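K.L.:
Given the structure of chain A, go ahead and fit chain B onto it with the hints provided.
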Amino acid sequence: MSFSAYLLLLLGMGAVTYLPRLLPLLLLSQRQLPRWLVDWLELIPVAILAALLAPSLLIDSHSNSFNLLRPEFWVAVPTFLFAIRSRSLGGTVLVGMGLFWLAEKLL
Amino acid sequence: MTSTQYNQTHEGRSGVLRDGLNAAWPICLGYFPIGMALGVLGQQAGLGPAWIGLMSVLVFAGSAQFIAVAMLDGGASATAIILTTLVVNFRHFLMSSALAIPLRGVRRGFLILFAYGITDESFGVNMTRFRAGNWDRWRALVVHHAANSTWILATILGSLVGSLIPPGAFGIDFALPGMFIALLVLQLHGRAYVFTGILAAGLAVIWKLLIPGDSYIVGAAILAATGGYLVRRRVRRQREAKG
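Top line first, the protein sequences correspond to chains A and B.
Numbering of the first sequence is given in our numbering, commencing with residue 1 and proceeding in unit increments.
Numbering of the second sequence is given in our numbering, commencing with residue 1 and proceeding in unit increments.
Next comes chain A alone, as it looks inside the complex (with noise of 0.2 Å):
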């Protein structure tokens, strides 16, 4: 592939990337928005955070099947409840990552 026709494909893929993050920021940052849509858009961290994280602990991505026996899914049991007591972000990405690193040497 030639520079310019990589350069060709990056802007492509740049436009597609950034447009879908900056419109609704634009045209919905600028006006009084309905009661009930902000009270929708209020759920939406927590909906597309527990869409993005349950498939990635429970769903083994090679063959696309559900699996409880991850290490992931063990791991994000304690993480949790550490999580819940600490409410801390740092301290849970740490707790985390060390729990994770223990069962891979184990398992």
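It should be emphasised that the hints constitute simulated quantities derived from the structure, not laboratory data.
All of these numbers come straight from a predicted model, not from anything done at the bench.
C-beta: ideal position from N, C-alpha, C; glycine also.
All clues stand as given, with none of them false.
The following label-pair restraints were derived from C-beta to C-beta distances: (1) Q44/B / S63/A: 21 to 29 Å; (2) S2/A / P212/B: 27 to 35 Å; (3) Y6/A / P212/B: 27 to 35 Å; (4) F66/B / R70/A: 16 to 24 Å; (5) R85/A / A241/B: 36 to 44 Å; (6) R87/A / V235/B: 19 to 27 Å; (7) L27/A / A241/B: 34 to 42 Å; (8) R87/A / I112/B: 31 to 39 Å; (9) P34/A / I198/B: 23 to 31 Å; (10) I211/B / I84/A: 28 to 36 Å; (11) V87/B / R31/A: 25 to 33 Å; (12) L210/B / R70/A: 13 to 21 Å; (13) A241/B / R35/A: 15 to 23 Å.
P.N.:
Same frame as chain A, now just chain B:
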């Protein structure tokens, strides 16, 4: 408290930088091994350090970049790669919409710069901080650019020297899942949020098993937020009816 007020009541620029970096370090920690892995894969697909670095600058989107490198290696057309990128990154449309609430009334020039750095990780961190109240747009912007710089650097480094971090070292592969777990917990502000989270988790797993690809993220998030919204509205109306 609005974002501009917080900025003025807090100690100047170094405070902004420090708070932003304090919030960003788990993202950077998680990005580093993933960025290096992308650099290594890019090298194997014939994309040198400058090429992969340029991709990270122009297309700051981890998972889409992995897919693009694999597609380039497999000889896919530019159109196919661009369309795939659009589909994979469409979830940021929802995140950008949600960010419009804490960033209401902010001038367009700032938003044009800010939008570039919206990723799953920065979104989670910034929304959680905005909600807690002690956050403003400048601190959020520091998070974006700290994460972005780490990503660009890591992909170039991976391309130059291969991955310095052996796979699985120190459990670093769990840095981002661990961060998402903490962010999820910090988002649970009441029953409606817990309900929405459980619904989204269940729907996402089922959706992904039935429909391979990435549509599960946007699909499950929209359905779950709508479900949570309807339940909350119903409970509210029942309370009002009871007086």
